[in-house]
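Undergrad: Sequence:
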Amino acid sequence: MILYALTQTRAWNLVLMLHGLYINLFSNSASIGTFMPPNVDLINIIRSFVAVDASVERKRSNKKVEIIDSSIGMLVVLSVRVKVCHSSVCPLVQATEDFCNDRSSEPTSYPFWCLLARETSFVVQLAIW
Numbered sequence: 000m001i002l003y004a005l006t007q008t009r010a011w012n013l014v015l016m017l018h019g020l021y022i023n024l025f026s027n028s029a030s031i032g033t034f035m036p037p038n039v040d041l042i043n044i045i046r047s048f049v050a051v052d053a054s055v056e057r058k059r060s061n062k063k064v065e066i067i068d069s070s071i072g073m074l075v076v077l078s079v080r081v082k083v084c085h086s087s088v089c090p091l092v093q094a095t096e097d098f099c100n101d102r103s104s105e106p107t108s109y110p111f112w113c114l115l116a117r118e119t120s121f122v123v124q125l126a127i128w
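Under numbering that gives the first Met the number 0, think of the first position of the sequence shown as 0, with each following residue one higher.
The set of hints was computed from the structure by calculation and includes no laboratory data. Idealized CB from N, CA, C, for every residue including glycine. Take the hints with a grain of salt, since some may be wrong.
[Said to hold, decoys possible] Beta-carbon label-pair distances, calculated as ranges: (1) Asp68 <-> Gln124: 18 to 26 Å; (2) Asn23 <-> Asn61: 16 to 24 Å; (3) His18 <-> Ile67: 19 to 27 Å; (4) Lys63 <-> Glu118: 17 to 25 Å; (5) Glu96 <-> Ile45: 17 to 25 Å; (6) Phe111 <-> Ile45: 29 to 37 Å; (7) Ser54 <-> Asn23: 18 to 26 Å; (8) Ala116 <-> Ile67: 17 to 25 Å; (9) Lys62 <-> Phe25: 30 to 38 Å; (10) Arg9 <-> Ala116: 29 to 37 Å.
[Said to hold, decoys possible] Straight-line alpha carbon distances no greater than 16 Å define the calculated EDC-like cross-link-like pairs of lysine to aspartate or glutamate that follow: (11) Lys58 <-> Asp40; (12) Lys62 <-> Asp40; (13) Lys82 <-> Glu65; (14) Lys63 <-> Glu96; (15) Lys58 <-> Asp68; (16) Lys82 <-> Glu56; (17) Lys63 <-> Asp97; (18) Lys62 <-> Asp97; (19) Lys62 <-> Glu118; (20) Lys82 <-> Glu96; (21) Lys82 <-> Glu118; (22) Lys82 <-> Asp97.
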């Protein structure tokens, strides 16, 4: 509970900065596990909100994902080299192209087995706690 409360503060952005994530103090991330260490140096977040379990594809690339003045929904997967600026990305979207200038994303079909696997892992983690 205390860890959750800490991740909701702007001070958490300083911790993310120390891990290499380019994020400003006006941005907010809803979850502690949203950004994993192998990917943090490939993400730029400026004045944006990133919801729970949004992630970036893990590919060996030097291209950065840029999120500027935007909102990223829950369980969104961003491909490398995607730029999201001045827009919102709906939950459960796999973003493979740029979203700019208030173009809202359309929800795409999300494989049922992925949702089932994610929900099962949540239940197992909850049972362990």
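Undergrad: Let me make sure I understand: some of the numbered hints might not hold for this structure. Which ones are they, in numerical order?
TA: 1, 4, 8, 9, 15, 19 and 21
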